[in-house]
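Visitor: With the numbering used here, letter number 62 in the first sequence gets 62, and the count goes up by one each step, no holes.
Since the hints were derived computationally from the structure, they do not count as laboratory data. The structure displayed is predicted, hence computed values, not measured ones. Certain hints may be false.
[Unchecked claim] The calculated label-pair distances, taken between Cβ atoms and stated as ranges, are:
| # | residue 1 | residue 2 | range |
| --- | --- | --- | --- |
| 1 | Glu5 | Ala52 | 26 to 34 Å |
| 2 | Thr44 | Ala170 | 29 to 37 Å |
| 3 | Pro21 | Lys107 | 23 to 31 Å |
For glycine and all other residues, C-beta sits at the position ideal for the given N, C-alpha and C.
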Amino acid sequence: MRLEELVRRLGSRYDVERWWPAESPWEIMVGAILVQRTAWENATMVLDDLRARGLLEVDAIDDLPLERLERLVRPAGFYRQKARSIKAMAAHLRGAHRSDPLGLLSKHPGSARKELLSLPGVGKETADAILLFAGRRPRFIAAAYVSRVLSRTGLFASQDYDEVQRYMEARLEPDPSTYARCYALMVQHARSTCRTRPLCDNCVLMDACAFTGRTGREGCLR
DNA sequence: ACCCAGGTGGCCC
DNA sequence: GGGCCACATGGG
């Protein structure tokens, strides 16, 4: 099976139109930190709380004492690291871009990515998520779930971030909407199958996994 | 009492 | 460059 075929099948199964709710670039940047290794619901909880308190602004975060932010971030887990990262991002934007995220996001994607990666708590995946969802730049997010789907379907076996990203970017239209949709579909699929059973939903429903064509545990995506 | 969740960075070899 | 680990809360 080719990637195109996989994406087509996933597209008929899942609705990922509202995968990342439409928010301002700064909210997406904060959300990208909050959601690291965390259920989206927990990250949104913090996001909603910050917004309700009028604290979802670059300057407000920069002015907020670290201990206060830590308390607010707690429900999203890793709260000390995340509070520090969010504050560092706010301080950087204020100091280098007049508190305007677009100052960073509208730069040449390569240098914007480098700049993001220099911030604490921002690795490749978070940088690419920010570039894609907040900056609408065509950077494919090579999340662990993406690697898992690719390897379990036999399309591409690498777990290396850069290799997986190159694989995807070489086969998709270099368009932010396409990247976002494919990423969301693959993550959604990897997450929604085989939570507790040896067989994933697809295997159970159709004898052989609809995506791998194989039966049993090896046929599953996790 | 486990396991998992839309990663990152530090340390070690 | 890879392997291991801490980081932490909330839900199943």
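Visitor: Take the hints in turn and mark each one as holding or not.
Guide: Results for each hint:
Between Glu5 and Ala52 the beta carbons are some 44 Å apart, a value that contradicts the proposed interval 26 to 34 Å. Take Thr44 and Ala170: their Cβ atoms lie about 33 Å apart, and the range 29 to 37 Å holds. At roughly 25 Å, the beta carbons of Pro21 and Lys107 sit within the given window of 23 to 31 Å.
This entry does not satisfy hint 1, going by the numbered hints stated previously; all others are met.
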